[in-house]
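Chemist: So the sequence lines, in the order shown, correspond to chains A and B. If you want this note's numbering, it's the 1-based position in the first sequence plus 18. If you want this note's numbering, it's the 1-based position in the second sequence plus 18.
To be clear, the hints were calculated from the coordinates, so they are not data collected in a lab. All values reported here derive from a predicted model rather than from experimental measurement.
If you want the footprint, here are the derived chain B segments under chain A, 3+ residues with CB under 8 angstroms: (1) 115-125; (2) 150-156; (3) 164-173.
Within a straight-line C-alpha distance of at most 20 angstroms, the following computed EDC-like cross-link-like pairs (lysine to aspartate or glutamate) qualify: (4) Lys131(A) to Glu171(B); (5) Lys58(A) to Asp74(A); (6) Lys131(B) to Asp74(B); (7) Lys131(B) to Glu171(A).
Quick reminder that beta carbons are idealized off the backbone N, C-alpha and C, glycines included.
Number of protein chains: 2
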Amino acid sequence: MLAAARTAFAERGYDGASIRSIAAAAGVDPALVHHYFGTKDALFLAAVDAPADPEDFLPEVLAAPADARGEAVVRMVLRVWDGPARPGILAVVRSAVVNEWSARLLREFVLAKVIRRVIGSLDTPAAERDARGALVASQVIGLVMGRYVLQLEPLASARPEDLVAAVGPTVQRYLTGDVVLPGRRD
Amino acid sequence: MLAAARTAFAERGYDGASIRSIAAAAGVDPALVHHYFGTKDALFLAAVDAPADPEDFLPEVLAAPADARGEAVVRMVLRVWDGPARPGILAVVRSAVVNEWSARLLREFVLAKVIRRVIGSLDTPAAERDARGALVASQVIGLVMGRYVLQLEPLASARPEDLVAAVGPTVQRYLTGDVVLPGRRD
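Kindly generate the complete structure, drawing on both the sequences and the hints.
Modeler: What follows is the structure, given as structure tokens:
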């Protein structure tokens, strides 16, 4: 079931993959998938090997005032990475960097479970959401790569609140500020 | 010689490792190292497996006016990654993410050969250089991870100049702007 779920989420994304189709691909009854995993959400977290559930952290971010949302995003990311889930997250990131399918799953996880939730809670025009979300991701991914993977100083040993103050305004600008938004070329 | 050079650069950094000590560790005469690699610079590029030489790209960045340096950094990075060196760079990044020693070498390469050169060309107080450089790195690394590794849209297919316009101001702020700079805690 997990293998079928990974394939489905990587190929069709979180929204595009249904429990019914995953069950069919695994040759089992959808009720069995529900029995083992409960919700599509829980199945997705298991498929991604997610070491932390964004639902545990997102409410605090979404409760921050709109003009402090950038700092709240950085604060949440650092709290999760500085916590007990770090080895697990690091393993997921490593796998995503060397494996195309893991990269798709991680991308889908970050987009569907974190970025769209944060952007969706703001007054962002629909046409701007993907670009603003991707720019936020670029800064946040780089911060965690620099601090936890490459361990660049002073990022690696800085106090979380110092990084919130330094990087929060960037995330805020991407979320709600005046930005030339990159477009997708198809 | 290359193995000894990798160990030396990873352990002591670019400035701390000397050709003499590398030759000693490899059990050869320093003249032999010079003969094979020419300069310490060339030896470092070979040790890091660098698929591109920053000297080919940096002069254009350093020639940009101080207040357009942020955009010039992003433009250079995208030009290098969008060029023929991409598979090679991707291999180095992948190796850095899964291997602690490769991470040290890549960090040292990015710091010594790119970031310090860009920061050093500005009027930055010495005490601010590491923090500003690391913040620039965080945004640039996240941009390349998002565009080339995770392939987040619209980053992945955006025109380079659109990304320069979106992300350049962030890099500029980190280089020369008003930022609460994170400090190192030892």
